[in-house]
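**Student:** The lines below spell out each chain.
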Amino acid sequence: MKALVWHGTTDIRCESVPDPRIEQERDAIIKVTSCAICGSDLHLYDHFMPGMKSGDVMGHETMGEVVEVGPAARKSLKVGDRVVIPFTIICGECEQCRRGNFSVCETTNRNKDLADKAFGHTTAGLFGYTHLTGGYPGGQAEYLRVPFADTTHIKVPDGIPDEKLLFLSDIFPTGWQAAVQCDVQPTDTVAIWGCGPVGQMTIRSAVLLGAKQVIAIDRLPERLSMAKAGGAITINFEEESVVERLNELTGGKGPEKCIDAVGLEAHATGSVDAMYDRAKQAMMLETDRPHVLREMMYVCRPAGVLSIPGVYGGLLDKIPLGAVMNKGLTIRTGQTHVNRWTDDLLNRVLENQIDPSFVITHTEPLESGPEMYKTFRDKQDGCIKVVLKPGMNGGLHA
Amino acid sequence: MHDVVRRTALPGRSQSSHDRLARGLGYFSIALGIAELVAPRAICRAAGLRDLEPVIRGYGAREIATGVAILGSHDPEPWIWTRVAGDIADIATVAAGVRQDNESKGRNALAVATLAAVTLVDLACASGLQAAKDNRKTATMDYSVRSGFPRGLKAARGAARDFKVPDDMRTPELLRPWAVASGDR
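Top line first, the protein sequences correspond to chains A and B.
Using our numbering, you'd call the opening residue of the first sequence number 1 and step up by one each time.
Using our numbering, you'd call the opening residue of the second sequence number 1 and step up by one each time.
Some clues are possibly wrong.
In silico DSS-like cross-links for lysine-lysine, where the CA-CA straight-line distance does not exceed 30 Å [stated by the list, open to error]:
| no. | chain 1 | residue 1 | chain 2 | residue 2 |
| --- | --- | --- | --- | --- |
| 1 | B | Lys164 | A | Lys212 |
| 2 | B | Lys133 | A | Lys379 |
| 3 | B | Lys164 | A | Lys327 |
| 4 | A | Lys212 | B | Lys154 |
| 5 | A | Lys117 | A | Lys280 |
| 6 | A | Lys2 | B | Lys133 |
| 7 | A | Lys228 | B | Lys164 |
| 8 | A | Lys164 | B | Lys154 |
| 9 | B | Lys154 | A | Lys253 |
| 10 | A | Lys253 | B | Lys164 |
| 11 | A | Lys155 | A | Lys78 |
| 12 | A | Lys389 | B | Lys133 |
| 13 | B | Lys164 | B | Lys154 |
| 14 | A | Lys228 | B | Lys154 |
| 15 | B | Lys164 | A | Lys155 |
| 16 | A | Lys155 | A | Lys112 |
A few chain A residues that face chain B, going by a derived Cβ cut-off under 7 Å, partial list only [stated by the list, open to error]:
| no. | residue |
| --- | --- |
| 17 | Asp11 |
| 18 | Val180 |
| 19 | Asn352 |
A short, non-exhaustive set of chain B residues, derived as facing chain A with CB atoms under 10 Å [said to hold, decoys possible]:
| no. | residue |
| --- | --- |
| 20 | Lys133 |
| 21 | Leu174 |
| 22 | Leu175 |
Think of the hints as simulated: they come from the structure by calculation, not from any bench.
Heads up, the beta-carbon is just placed ideally off N, CA and C, and yes, glycines get one too.
Produce the entire structure from the sequences given, and follow the hints as far as they go.
**Tutor:** Given below as structure tokens:
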């Protein structure tokens, strides 16, 4: 089958790889109908995330049709079922899964020892990601083997386009969890850094959850235009001071809820700390660029909440924990507990409360995936979200 | 516009031919730099130069720094132009520093010709990367009609306010806004 394969820094190739097959009793194989490139795929593309190996199949936003089911998965799946695959692989049985903390499933990371060493304790296995999270082949491919398939799936009805459902796999529940874990109140100002795909979903989630005002921060006019369409007040950080503007919009008190939808590759024009991070990262003395975290900690209202769906990978410098401690801020973060939210979110899609396909700017054949990584990373051609379709001819752009 | 991006890429690969050439030049830069740092006398002899070991060592450090920057940067183009500038300095140094014996003059001419060839490769790479970048520049897209709310923004505001936030994600009562905690909405 064809798949997008990682070969090194900025080197993704569309290649032929062996078809997946049932390896464990709880496995299923799905024929991929749609998959997407996620912002966190770019951390692998740029090789900021450790633990990748040449030959790894990329992708963790995938949906399709079940074509083969292992004997132990037949109680909940059958051939022909239409499923979205969450990016977190979950057993459904361990203590964390039973508590709904699916992204820290204790069972599914087959490289548990590696994760124990890196993070202290293992987290869930993830599709198409670093070997720290199991090194499972991903879904930017024609077929995907789904381990623990009896629990690792979201069944979706026929008759609705893939585009409305695909993002249940990651960015929609990720944006939702980012807002939910802020415990949004009707009096709240929610400030969201980053208007990429997760940022856009977070904006919509905060609006649905009833925030008084939602403020979105980015530098790209096309992304800010989409944020504004979703109900956000926008700040272009290349044109105005984020801190001054946020204080101005909140009567000098700062936003109660701050959300980092950027993560480890923050781009901050001209700020001293951003130059510091760039220099240290180039010398391999720091793994991540935490400009957004610092700014959130500084500007957040005392007793506020910092929500961090943005991905971080390692060791960060100059974090103003003094501000966090003295202002009594609460930090909530983590990979998304996808299946905790998807029943509710699927209903919201079916009820037309939200249509997540608004974020798609490029639909391309799977074979164009490698080029689209570059287009997406460089934010060219107005690119915000790329959907890839195995077997598609030609491409569609916004 | 997107088709232009496509033409600059190798089929089925994320790296264009110029991206791959740039990475090759990055490795070449580092290898040459190490040679210049470790064996400057041998380099001088091979290029028919007078005793310019300290200068050659300095150039070696420059080559290594440029190579690391090329390999470590998302956008190698400015660093390839830095290589072009370095090439010109190299050619000037080699041409001016020639020993005045016939054997050295012959070696020197070969060295200048080699440097000129490398300069052409660097120029081709830098120009190619720049052209690809210029081609990718695009008019800003306007997504101001993409609310994502089929029933409109007004209907969406607070539509999920009845969602019950799980207990483990709720703000402790004492940290909640006074108006909310006291039930005075």
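**Student:** Next step is simple, just say for each hint if it's right about the structure.
**Tutor:** Checked hints:
With a C-alpha separation of about 18 Å, the suggested pairing of B:Lys164 with A:Lys212 holds against the 30 Å cut-off. Proximity of B:Lys133 to A:Lys379 is assessed by CA-CA distance (about 12 Å); at most 30 Å being required, the pair is judged to hold. Simply put, B:Lys164 and A:Lys327 have alpha-carbon atoms about 27 Å apart, close enough for the 30 Å limit, and the pair holds. A hinted pair counts as satisfied when its Cα atoms are at most 30 Å apart, and A:Lys212 with B:Lys154 qualifies at roughly 13 Å.
Taking the CA atoms of A:Lys117 and A:Lys280, the gap is near 24 Å; set against the 30 Å cutoff, the hint holds. About 29 Å separates the Cα atoms of A:Lys2 and B:Lys133, which keeps this hinted pair within 30 Å; it holds. For the hint pairing A:Lys228 with B:Lys164, the CA-to-CA distance comes to about 27 Å; that is within 30 Å, so the pair holds. Proposed proximity of A:Lys164 and B:Lys154 is supported: the alpha carbons are some 21 Å apart, at most 30 Å.
A C-alpha spacing of about 27 Å is found between B:Lys154 and A:Lys253, which places the hinted pair at or below 30 Å, so the restraint holds. A C-alpha spacing of about 27 Å is found between A:Lys253 and B:Lys164, which places the hinted pair at or below 30 Å, so the restraint holds. A C-alpha spacing of about 11 Å is found between A:Lys155 and A:Lys78, which places the hinted pair at or below 30 Å, so the restraint holds. With a C-alpha separation of about 27 Å, the suggested pair A:Lys389 and B:Lys133 falls inside the 30 Å cut-off, and the hint holds.
For the suggested pair B:Lys164 and B:Lys154, the alpha carbons sit about 22 Å apart, so the restraint of at most 30 Å is met. At roughly 13 Å between alpha-carbon atoms, A:Lys228 and B:Lys154 fall within 30 Å of each other, so this suggested pair holds. Simply put, B:Lys164 and A:Lys155 have alpha-carbon atoms about 23 Å apart, close enough for the 30 Å limit, and the pair holds. For the suggested pair A:Lys155 and A:Lys112, the alpha carbons sit about 28 Å apart, so the restraint of at most 30 Å is met.
The interface hint given for A:Asp11 is met, as the beta carbon of that residue sits about 6 Å from the closest beta carbon of chain B, less than 7 Å. Interface restraint check for A:Val180: the shortest CB-CB distance to chain B comes to about 6 Å, inside 7 Å, so the restraint holds. Against a cut-off of 7 Å between C-beta atoms, the interface hint on A:Asn352 holds, since the closest Cβ of chain B lies about 4 Å away. Annotation: interface hint on B:Lys133 holds; nearest CB of chain A at approximately 9 Å, less than 10 Å.
Annotation: B:Leu174 was flagged as interfacial toward chain A, and the flag holds, the nearest CB pair being 8 Å apart, inside 10 Å. Here the hint on B:Leu175 is kept, as its CB sits about 5 Å from the closest CB of chain A, short of 10 Å.
Violated hints for the displayed structure: none, as all numbered hints are satisfied.
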